[in-house]
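Asker: The lines below spell out each chain.
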Amino acid sequence: MTVPTAATAPTAAGCAAPDQAAPLPASLDLEKETVITGLVKAESGEVVPGAYVRLLDSTGEFTAEVVTSPAGQFRFFAAPGNWTLRALSRHGNGDTAVAAARGINEATVTVAA
Amino acid sequence: MSRDTALVSAEWAEKNIDAPGVVFVEVDEDTSAYDTGHIAGAIKLDWRTDLQDPVRRDFVNKAQFEALLSERGIANDDAVILYGGNNNWFAAYAYWYFKLYGHRDVKLLDGGRKKWELDARPLVTDRVERPKTQYVASEPDTSIRAFRDEVVDAIGTKNLVDVRSPDEYAGRLLAPAHLPQEQAQRAGHVPTAISVPWSKAANEDGTFKSDDELRRIYADAGLDDSRETIAYCRIGERSSHTWFVLQELLGHRSVKNYDGSWTEYGSLVGVPVALGDEPGEA
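Here the protein sequences come in this chain order: F and W.
Quick note: the first sequence uses the numbering used here, first residue 1, plus one each step.
Quick note: the second sequence uses the numbering used here, first residue 1001, plus one each step.
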């Protein structure tokens, strides 16, 4: 199964986080990938761009970090299991637990001072 | 080396933005962040297009580095303050690189771009032009760069520090979790390498932990500071972060960064690979 969107493939050569608003690459195999994606929101419900979202593993160890897009989006390519999303922003911080399975897993992280 | 000679705080940086002889340099793989706002007066270096050879897998040679710094307006006696996104990974890589080519005064901005943004310090979009210089680099100092044969020889004899995430170390992931996982090479780690994720050395705002905390982290992980050390990750930038901690903050001697890292080692034919959470046998 692939996602029918334009290919803006993040490069395999580098380690920097790709544009969080870019569509999923067409070559992405969602039967193999575990995508954790969603929005960072303030308590008011407004999306928070430029927030730092950290993916922590089941022991609380840091695994990856991305910066949210202008629309507040983030995306990780993880593995099935239990993860914690932790967002840091000028508006405050917040955590959300995710039990991820293969395919797309959606989550919202609300930040508060 | 120590914190005083290798690191500046965001407070110091903001006060010294216009100081003569101080050049701020933002280093990222994706320089779109710089274009949306950067520290006033900062120039940018693109990790991929400026610091990597466009054809071979290697970084730019001495002549290319001289041409780059001359063109960007960095002089041999400038104090270079490096910062960037991704918790300073690429800035730490550039720091290692400036050291490799013998730049005398180079420091990292503690916390990098993240701390600066979370503190709501000012960023500007002005175009920055600096007058050209005649930069002269030293011959590369390979005492801080490890190549693959040294890594194979270090199995069971030197400290090998794998700074990737625990899941990459164990072979459960092949890349950091913000990237798709399809890769050509084998998963796992160099046998006998200890796992000390780079992130253990940083607070969540991207600043480095205190020297006492850092010493405890590597001691608890079993790093023998009487032996030489080679740090590696996937492509060599996260391990630059750890190289910086061990050699530049804690003052360990004989620490090398293996910039070939797992994308090279994990593709080699015939070398040993360990899977799982334990270092494995030599």
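You may find that some hints are simply not true.
To be verified - Calculated lysine-lysine pairs in the DSS-like style (CA-CA distance at most 30 Å, straight line): (1) Lys1200(W) x Lys32(F); (2) Lys41(F) x Lys1062(W); (3) Lys1044(W) x Lys1209(W).
Because the hints were derived from the structure by calculation, they are not lab data.
In this text, all values refer to a predicted model and were calculated from it rather than measured experimentally.
Asker: Evaluate each hint against the coordinates.
Answerer: Hints, verified against the model:
The suggested pairing of Lys1200(W) with Lys32(F) holds, with an alpha-carbon distance near 29 Å, which does not exceed 30 Å. Distance restraint check for Lys41(F) and Lys1062(W): the Cα-Cα separation of roughly 47 Å exceeds the 30 Å cut-off, and the hinted pair is therefore not satisfied. For the proposed pair Lys1044(W) and Lys1209(W), the alpha carbon gap of about 26 Å is at most 30 Å, so the pair holds.
In this structure, only the earlier hint numbered 2 is contradicted, and the remaining ones agree with it.
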